[in-house]
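Chains as they are written, first to last, in the working numbering: chain B, -13 to 447; chain F, -13 to 447; chain D, -13 to 447.
I should point out that these hints are in silico values taken from the structure, not numbers from a laboratory.
Careful, some of the hints might be misleading.
You can't tell identical chains apart in this list, so a pair holds if it fits in one copy or across any two.
With a straight-line cut-off of 20 Å between C-alpha atoms, the simulated DMTMM-like cross-links for lysine to aspartate or glutamate are [said to hold, decoys possible]: (1) Lys277 x Glu364; (2) Lys371 x Asp219; (3) Lys390 x Asp208; (4) Lys95 x Glu364; (5) Lys430 x Asp267; (6) Lys218 x Asp324; (7) Lys95 x Glu80; (8) Lys261 x Asp15; (9) Lys399 x Asp145; (10) Lys390 x Glu55; (11) Lys187 x Glu364.
Model, not experiment: these values are computed from the prediction.
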Amino acid sequence: MNKNSSNTMALTPNTPNKRETVCIFGTGDFGRALGHKMIQSGYPVVFGSRSAQTSSLLPKDAEVLSHAEAAQKAAVIIIAIQRQHYNFLAPLAEILHGKVLVDISNNLKINQYPESNAEYLAQLVPGAKVVKAFNTVSAWALQSGTLDASRQVFVCGDDVEAKQMVMDIVRALGLTPLDQGSLLAAQEIENYPLQLFPMWKFPIYLSLGLTAFFFFYCLALDVIYPYIYENKDFSFFIAISIPNKVCPILALILLALVYLPGVLAAIIQLYRGTKYRRFPDWLDKWMLCRKQLGLVALAFASVHVLYTLVIPIRSYVRWRISSYTVSQALNNKTSPLDITNAWLSDSYVALGILGFFLFVLLGITSLPSVSNNVNWREFRFVQSKLGYLTLILCTAHTLVYGGKWFLNPSSYKWYLPHAYMLSLIVPCAVLVVKFVLIFPCIDKPLTQIRQGWERNPRYSA
Amino acid sequence: MNKNSSNTMALTPNTPNKRETVCIFGTGDFGRALGHKMIQSGYPVVFGSRSAQTSSLLPKDAEVLSHAEAAQKAAVIIIAIQRQHYNFLAPLAEILHGKVLVDISNNLKINQYPESNAEYLAQLVPGAKVVKAFNTVSAWALQSGTLDASRQVFVCGDDVEAKQMVMDIVRALGLTPLDQGSLLAAQEIENYPLQLFPMWKFPIYLSLGLTAFFFFYCLALDVIYPYIYENKDFSFFIAISIPNKVCPILALILLALVYLPGVLAAIIQLYRGTKYRRFPDWLDKWMLCRKQLGLVALAFASVHVLYTLVIPIRSYVRWRISSYTVSQALNNKTSPLDITNAWLSDSYVALGILGFFLFVLLGITSLPSVSNNVNWREFRFVQSKLGYLTLILCTAHTLVYGGKWFLNPSSYKWYLPHAYMLSLIVPCAVLVVKFVLIFPCIDKPLTQIRQGWERNPRYSA
Amino acid sequence: MNKNSSNTMALTPNTPNKRETVCIFGTGDFGRALGHKMIQSGYPVVFGSRSAQTSSLLPKDAEVLSHAEAAQKAAVIIIAIQRQHYNFLAPLAEILHGKVLVDISNNLKINQYPESNAEYLAQLVPGAKVVKAFNTVSAWALQSGTLDASRQVFVCGDDVEAKQMVMDIVRALGLTPLDQGSLLAAQEIENYPLQLFPMWKFPIYLSLGLTAFFFFYCLALDVIYPYIYENKDFSFFIAISIPNKVCPILALILLALVYLPGVLAAIIQLYRGTKYRRFPDWLDKWMLCRKQLGLVALAFASVHVLYTLVIPIRSYVRWRISSYTVSQALNNKTSPLDITNAWLSDSYVALGILGFFLFVLLGITSLPSVSNNVNWREFRFVQSKLGYLTLILCTAHTLVYGGKWFLNPSSYKWYLPHAYMLSLIVPCAVLVVKFVLIFPCIDKPLTQIRQGWERNPRYSA
C-alpha cells in the first residue's frame, strides 16, 4: 500500500501501532495547545507555519514545516488561523484537494460575517472537505486538562467520512463529539460560544422588570406613605423588609407563569379541535423557557426563605418584640394565647416550608445529570404533578398569610391593594383554569385531541 | 457499485458525502418528529404510508411512498406504528428480508403482552433483523430539541451488525445509545418508560408507614393527652410541632436503615465463613435501594431543619417567650445564666448542624454527575466513612437533645416512652454492632473472608 | 475466510449475529463479574484456569479450559490475575503472540512497583499487544449493575487497533472508554483508583491549618480573656459562638484565595511583558485547585449560615434577650428605635444573604453536569463576573458587620486585633489590586499581552 496516499489511508484500519499524522496550520495559542494534546493522545503532529522554524513553545515532538510541506504529510489539516488570513490558503488549493480541513475559528460577534467561517473556507478551497469542530473548546482548558466548561465538541460538515475522521480525533482527545449535520450548521456552531445564556434572557428581563415594579410599589406603600402621613422613618426597610416582600411575590408569579402556557395551549387545542396546527410563536418560545422561568422563581423563593429566617436576628425586630414585652410588663397584663392566630401562623409557615421543599425537589430534578437518569414518565410526573402541588402549596401559603387583609380597609393605602394581592392574580387564575380543565367533560375531548383526533379535519389539510 | 443493494451498502464506508437513506413506516407524531431530526442530521428520509400523499406536517425534504416502495429504498426501516397494526407487515416479508427493522413502540401497561413488541415483530417478519430502540425518547423532546429527560436510547437486538447501524444513527441524532444485549432485553426496555421510580417504591412506602405511625403516636401524646388531662387545646401543633418531631425521627431511622444491611451482611459472612454464597433476597434488594433510603432520609432531615429554623417566628413561640419574660418582670426577678443548659443547648444544635452538613455532602456526592467524577475509593470513603460519621453525629444530636427525659418519669405519658426514644433504637443498635465489628479480633477474619478466604471450603463446591 | 484467525477477524465487520469470543484468565471475583457482564452483552466467554473445571460461581454459559486452550479461542484475553502471578504467562508467549492482552490489575499502593503492571506484562509477553483497561471499575459495581461510582474506563496501549477493540468491548458493556494514550499512561491509570481526592489535599490542609489558628485565637480572646479578667465562664462558646466566628473568616479568606492567583498572574504578565513564559510552579498548581478552594469556602459559608440562623433558638441568646427585656421593664424605661443601628443590622444581613446566594449559584455551576451545559463564555461570566461580585458582597458584609469595632479600643484585647479584622486582609488586597487592574491604562497593555503581543520579544526566543 502506498504510504503517500494519506487521504484514503486514514480510513484503513490496518496501519499498525500508529495513529494518522495530523497537520496544524498556525502556531498560535490554540494550535499549540491542540498539538500538545494530540501528541499526548498518540497522534504524530506536524505544524505548518510561515517561518518554518521551531519555537520553544511548540511541543518538542512536533515537526514544523512550510504550509505546503506540512499539508502533504497528513489527511487532516487543522486550520488554527484567524478568518482574516484564510486567503493565503487559496494558492495551496491543489495540495489541499481531497484533504479534510478542520475549521476551528471563532468570531468576536454573533453573525459577524454573512456566511460562516467554515463555509467561507469551503468556498476558498473548493476541493477540500471542510469540517467545523473544536471551536467550543478553549486553549487554556485543553492545556490545563481541567475541562470544567464543556467537553462537548460540535462537529458539522458535508462529507460524512471526513466528519467521522474528525469525530474520531475528538474522541481520542477525551472530548465528546456531537454531530450537528451539514456545513449549514456552522453558523450556529460559531455563534454558540458567543452566546450568553440565550434561554435565560426572557426570564431574567421579565423578572427584573417585575422586581423594579414591585420594589417601587412596596417602597411607596411601606416607606413613603408612613413618612408622609405618620412621619415615621422606615427607610431601612429597603434592606430586608421590602426585598422580602418582592421576592416571594416574584417567586409566586414566575412559578405560575411556568404553568400558564400549558393551560393556554390546552385552551387553544380545545378551541381549534386539533393538535395539528402550530401554536403561536410567542407561546412556543414561552414553553421552551419554562425551565428557566422555574429556576428563576426558585432563586427568588430561596432568597425569600433566607430573608424570612433572619427575621429574628434583625435588630429592628428584636427592638419591636422587646418594646412590646416591656409595655406588657409595665401595663401589668399578660395576654392569653390566641389559638386562631397560632393556627394561622403555623399553617402558613408549614405550607411555605412544604412548598419550598417541593420546589427545591423540582430544581434538583432539572439538573441535567438527574434528568438524564429518569425516564419520560418520571420526568413528567415530577414536573407536572409535583409542579402543580408546589404551585397549590405556595398559593395557599400566600392566601393564609395575608387573607385577613383582604377585608381590612386600613390595608388599602392610597386606595391601592397590598402588593401581595397583585401576586395572587396569576397563580389563582392558572389554578382555577387547570381545575376546570381536569373536569371529565373537558378532559376527555382534550385527551382525544392530544391522541390525534380532530374535530374538524379540514384544518390539517 | 450498485446503488440498489442498499442493505450491504450501509456498512461500506466509502459512499461519499451522503448518509444512508432511512425509511420510516408511519406518519404519526413520532414518525414525523424522528423524520425531522434525521433530515437535520443529514439522513435522506423516505416515509412509507398507506396513502402515499404528502401531508403539510411531514418534513418538506422527505419523500412519501407506499410501504413497499419506501422499504426498497433503505436498509434501515423504522416502524413508527402501533403494535396492533403490525400484521400489515406480514405480506411485506419478502421485501423486508434482510432489512433492519427498528421497533420503537411502547405499551400502555407494564408487561401488557406476553412477548415484547419487538419479539412479536421478529416473529411476524422472520427474515428481518429486528432492533429495539428509541422507545425512551418522546416526540415532543425530539422536536423541541430540549432533551431534558433522557438522552439515553436503549438498544437491543440479536444481530450485532444491525444493532451497530442503529446505534450509529442514534449517535448521529445527538443521543447516547446504550447496548442492552439481545432481543430478550426488549421486554425490559419496553417496560422502562412505563416505570415510575421503581427503586424508590420501598423507601417511600416504608417512610409513609413510619410517618403515619409516629404522627399518630405524637398526636396522642402531645395533643390528645393534654386535651384530656389538662384541658388544653394544642391542636395547632399539627402544623409544625408534630411534623417537626416526626421528621427528625424518620430521618434518623432511615439513615440507620441505610447502614443496617451492611452490618447484617458482615454478620452473615462471619457466620457462614465465606463470601461465596448469595445473601438472602431481601438483603440484596435492601442493599440496592440504600441510596434511595438515604436520600429520603435527607429529605426528612432538610424539612426538619426548616421547621426548626422557623421556630422563633412562630406566633406561639413568641407568645410563650413574651409571657415568660413578662412573668419574670412582674415577679421582679432575673434568672442567672444556666451554664449547663447553655452547654447542652449549644451542643445539640452544633451536633445537628454538623451532622446535617455532612448529610448534605453525602447527598451531593450521590448526584450522578458528581459520582461519575470520583473513583471507587473516593466514593467508598465518602459513602462509608463520612456516612458513619453523619450517623454518629445525628445520633449524638438526638441523645444530647433529649437525654434528660430518659430518667424523667413525667415524660412517660400513658406509660409510653417519648417518640424520640423509639427513634434511637435502630441507630444505636447499628452503631454498637459496627463498633464491635471493627475490633481487630473480628475485623481480621472478616477482611480475610472478603478477600476470598473460606473457613469451610465445601460451601463453594 | 478462515474462522481460526481470530486475531484479525475481530476487525472485519461481516461476522453475522455474533460478537467475538473473549477469553478471561482467572476465575476470581473480578474475572467472574466481568464474565457475567460480557455474556449479558452478547459476548461468548471462555475462562482460562489452572484447574479446568467449572465452578458453580462461574456463569453457566461460559466454557472453562486450560489457559493455553482458552487463549487460542479468542483474540482478546483479559488477565484477571494479580501481578505476582504474571510469570506463568511467559511460557504461553507463543500462543499469546499477536493477541490483545488486557491488563485490569490494580496495586495496593501508589507507585508500588517501578514499572506499571501493564508495562511489566508487555515485557513478559513481548509479542502480545497489551492494553490497560477496566481497573477503575469494581467487581461489585459490575455485578449489581449500580455503577454509582464511575462509568469511566481509562484505556491505554501502544497498539491503536488493539485499543479500539477493547474500547468497543467497554462500550458494549455500557461503560464509557476514555483513551489515555500509549502504555506509558498505565502507571497513572493504575494510580488513579488509589488516589483519595488529590486535588482536594491542598485546600483541605490549608483550611484545617487556618481553622486551628483562628479557633485558638478566638478561644483566647473570647473565652480565656473574660475568664481571667472578668471571671466569666463562657466555655460553652466552643460549641457555636466560636465556630460561627471561624467559619465566616475561613469562607472569606478561602474565597479571596480563589481570586488571588488570577491577580498575581496578571501582575506577573504585566511585569514580564509577555504571556509566553510559564508561571512559577506553585502558581500553576494554585490555579488548578481554585475550584476546590472555592467549594471548601462555600462549605464554610454554608455552616456559617446555619450557625447564624440557629442563634435565636440558642438557650444563651434567649436568656440574654429575656434578661435585657426584664431589666428594661424593671427600670421602667423603653428605648426608642435606633434607626442607624437598624440600618447597619439590616444591611449586613442583606449583603450576607445576597453574597451567600451568589456563592451557592457559583457552587451549582461547578457541578460537572451543569458546567458541561454552558459554553466557555458563560462559564467565565459566572466564575469571573459573578465570582467577583460574590467576593465584593461578602467583603462588604464583613465590613458593615464589624466596621464599628475598628476604632473601638475596647475591642483590642491583649493588644490583638479582633479575629475578623485579620480575615479582611486578603479579600481587601485582592479587591484593591483587581480594581487597579481594570483601570484602562493598565487593562489595555494586559489585554494586548494576553492576545499575544510581547513588550520584549527576545524572551520568547
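Hints versus structure:
1. Lys277 x Glu364: Both ways: Lys277 and Glu364 sit 16 Å apart in one copy and 18 Å across, limit 20 Å.
2. Lys371 x Asp219: neither (46 Å within a copy, 35 Å between copies)
3. Lys390 x Asp208: Classified as within: same-chain Cα gap 18 Å, cross-chain 29 Å, threshold 20 Å.
4. Lys95 x Glu364: So Lys95 and Glu364 pass the 20 Å test across copies only (15 Å; inside, 40 Å).
5. Lys430 x Asp267: The answer is neither: 27 Å in one copy and 44 Å across copies each exceed 20 Å.
6. Lys218 x Asp324: between (29 Å within a copy, 12 Å between copies)
7. Lys95 x Glu80: neither (32 Å within a copy, 56 Å between copies)
8. Lys261 x Asp15: Answer is between: at 10 Å across copies they meet the 20 Å cutoff, but 52 Å inside does not.
9. Lys399 x Asp145: neither (70 Å within a copy, 76 Å between copies)
10. Lys390 x Glu55: Classified as neither: same-chain Cα gap 84 Å, cross-chain 72 Å, threshold 20 Å.
11. Lys187 x Glu364: This pair counts as between: shortest inter-copy Cα distance 13 Å, intra-copy 28 Å.
Going down the numbered hints, you'll see the structure goes against 2, 5, 7, 9, 10, while the others check out.
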